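Please build the complex by placing chain Z on the supplied structure of chain C, with the hints as guidance.
Chains as they are written, first to last, in the working numbering: chain C, 1 to 277; chain Z, 278 to 677.
Keep in mind the hints are simulated off the structure, nothing from the lab. Source: prediction; values computed, not measured. We put the CB at the ideal spot given by N, CA and C, even for glycine. Hints may be right or wrong, so weigh each one.
Stated by the list, open to error - Subject to a maximum C-alpha distance of 25 angstroms in a straight line, what follows is the list of computed SDA-like cross-link-like pairs (lysine to any residue):
(1) C:266 to Z:380
(2) C:117 to C:65
(3) Z:471 to C:269
(4) Z:405 to C:150
To be verified - Under 8 angstroms between C-beta atoms, here's a sample of chain C residues computed to sit facing chain Z:
(5) 264
(6) 271
(7) 275
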Amino acid sequence: MVNLSAKRVKELEEKIARSKEVFRQAYDRFDPRDMRLVWSGGKDSTLTVWICLQFCKESNLALPRAFTIDEGDSFEEIEAFLEKWSRAWNIELDRGCNEDVLRAANYTLGADVEVRKLNARNQAEIKRIGFDLERFPFEAESYVGNHLMKTVVFNTYIEENGVKAVFQGLRWDEQPARQKDAYWEDVPAGELTPAHTRYRPILHFTERDIWDTTLHFGIPYCPLYEQGYRSLGAKTTSQKMSDLPAWEQDLEHTVERAGRRQDKEKTMARLRQLGYM
Amino acid sequence: MRNAILLTLDTLRRDALGCYGGAQGQTPFLDSIQPHCIRFMQAYSGGPYTQAAFPGILTSSHYLDHGKSRQLSPKRQLISEVMRQQGFETAAFHSNPYLSAFFGWNRGWDTFYDSMQDEVTDECPYIKSRVLNGKVRDWLAGRRDRSRPFFLWVHYMDVHEPYVPAPEYIERVDPTLCIAPAEMMRLFREVVLKRDVSDPDTIELLRKLYLAHVREVDDSARELFGIFEEAGVLAESLVVVTSDHGEEFGEHGGLSHDGKMYDELVHVPLLIYEQSRSETLVAEHVVSTLDIAPTILHSLGLRPAPAFQGRPLLPLQNYASDGAFGECYDKHGSTEKGAEKEVHYYRSERFKIIYRQRTETWELYDLRSDPHERTNLADASPEADRLKEKILPRVGRQPR
Chain C
1 MVNLSAKRVK ELEEKIARSK EVFRQAYDRF DPRDMRLVWS GGKDSTLTVW ICLQFCKESN
61 LALPRAFTID EGDSFEEIEA FLEKWSRAWN IELDRGCNED VLRAANYTLG ADVEVRKLNA
121 RNQAEIKRIG FDLERFPFEA ESYVGNHLMK TVVFNTYIEE NGVKAVFQGL RWDEQPARQK
181 DAYWEDVPAG ELTPAHTRYR PILHFTERDI WDTTLHFGIP YCPLYEQGYR SLGAKTTSQK
241 MSDLPAWEQD LEHTVERAGR RQDKEKTMAR LRQLGYM
Chain Z
278 MRNAILLTLD TLRRDALGCY GGAQGQTPFL DSIQPHCIRF MQAYSGGPYT QAAFPGILTS
338 SHYLDHGKSR QLSPKRQLIS EVMRQQGFET AAFHSNPYLS AFFGWNRGWD TFYDSMQDEV
398 TDECPYIKSR VLNGKVRDWL AGRRDRSRPF FLWVHYMDVH EPYVPAPEYI ERVDPTLCIA
458 PAEMMRLFRE VVLKRDVSDP DTIELLRKLY LAHVREVDDS ARELFGIFEE AGVLAESLVV
518 VTSDHGEEFG EHGGLSHDGK MYDELVHVPL LIYEQSRSET LVAEHVVSTL DIAPTILHSL
578 GLRPAPAFQG RPLLPLQNYA SDGAFGECYD KHGSTEKGAE KEVHYYRSER FKIIYRQRTE
638 TWELYDLRSD PHERTNLADA SPEADRLKEK ILPRVGRQPR
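Bound conformation, chain C alone:
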């Protein structure tokens, strides 16, 4: 539990109400059978799912199914968390995975993947993101890995299941690049992407809001956050920022995602451009 002022609780309630309004807009436009909650098991998507539950209960509407992406390098704690709470909340949870890549990598992290051994779809995707590679190391959060293990899985899933709308737990304060994101966005069909609409109901929550809401309303969270993880990505590339529980860390003055691999890649890319490395 967390000790919040009445004013702060009211503030959080208003934020939740704003999120429900986003769900309302989606339900006005789509059938719940064509919608999916994207649920990684992290704190942001779990809050999104929880708000959706409240909204559906209050409005007496059917819950959408949820969808999680298995990148082939996930925390057991996250899997257990998803298993437990999808049951408890009675949510149908689908799992998507790029088996083809895992097989080519012999189910081994860091193993070399030969591009010619991949299926046509994966080969086309590698070309599409501008890579002319013969082989690459299998790492879920490298640029190629992230694309094949997340983006491609996502696109394939919505295509095969005729999904028309998804709910994502993105936030404006995650990074400056997110600040122009809108509550919903129609994504037109692309070469390998089916058309769909993305809803982001918790955009206005800050990292602090997430923890205050989670702790105040007793929303479940993965125990890894208690051990000091601030942001959960692939298992081998997420680092603890401290031994303090996430919500006790200096959220306002340190970087949430500094423990994640992609920040490292960005930093290294800049250094290379400056002539180092």
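Then chain Z, alone, in the frame of chain C:
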């Protein structure tokens, strides 16, 4: 003085400034503020590249004090942390990946912008100084508690390679020069990255492109001072201007900034600007960029930080110079392969001694008679043994 502002210019050679007597000086604005400045003629950096130099500037400690990690050691104390503890609002605006939150430099800042989430290009792999200026302007305008004093650090990357300056700045350096960005990028890849100094004409061309960036940065500094003036904070601020290291153009067989300790890399500009001053004060004694943070604390009447190793530069007459030290690993070219070995220097009032751990060799230069560091006196000068004693205890020392 109420506020402190630190403006650091990455890769800025001391002789690129007119006020330091650079024949090719490209800094009309920085020259024009000299009447309000104390100009340190013998300021030395803690190291020849950003990672080696910035622990000195922002934490007043030496690069090799805390082991090899690229991550800023928690044992170092940033001046931002010290000033925030003493009630200052702190803000940083820069675009150098080595100083980013990823490497731990975001400690102690109320506002920390390192640009790492923003998109950049190969021709300009950083957020430009003009854009940073805009962020500073917005930050000044948006400050909620104006009664609270602030410490602001702004760091410009624009002088750093690749040298791809805008045509208008190339024209100011050499109106006859006509060169396309693609050719400038080719020079970066084929000449600068390969440290190819075989063609003097190409080196001269690179120097001109570099100076065009210096000219641009000078314009940005002018704009930044204008922003301070507009916001009404300049008159009540102590402003320190310096660079982390210089840049080599073939003086000692290389380009860019590798693990070398010659003056083109470690002898840096250092200006302390106070609007109330009306006549340039020129300080001729040897000082270190490790002295900057203690100087800021002292000048603003703040408690000194016990972890800081430098000494306040002001008042000038109280500063007892004991020379300056610098250290780094001997990375060479654009690669960092192989076991890293240390390089050290010590600069006394007259001499500079350099030690290379890899080859266990010494170099000694009499900067009075040999300012370009061409004649090694290590085996010839009676000074050598005394100066070696300064360096030896610092080589291979264990992390504190």
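Tested hints:
no. : hint           : in the structure
1   : C:266 to Z:380 : holds, 12 angstroms
2   : C:117 to C:65  : violated, 33 angstroms
3   : Z:471 to C:269 : holds, 19 angstroms
4   : Z:405 to C:150 : violated, 33 angstroms
5   : 264            : holds, 7 angstroms
6   : 271            : holds, 5 angstroms
7   : 275            : holds, 5 angstroms
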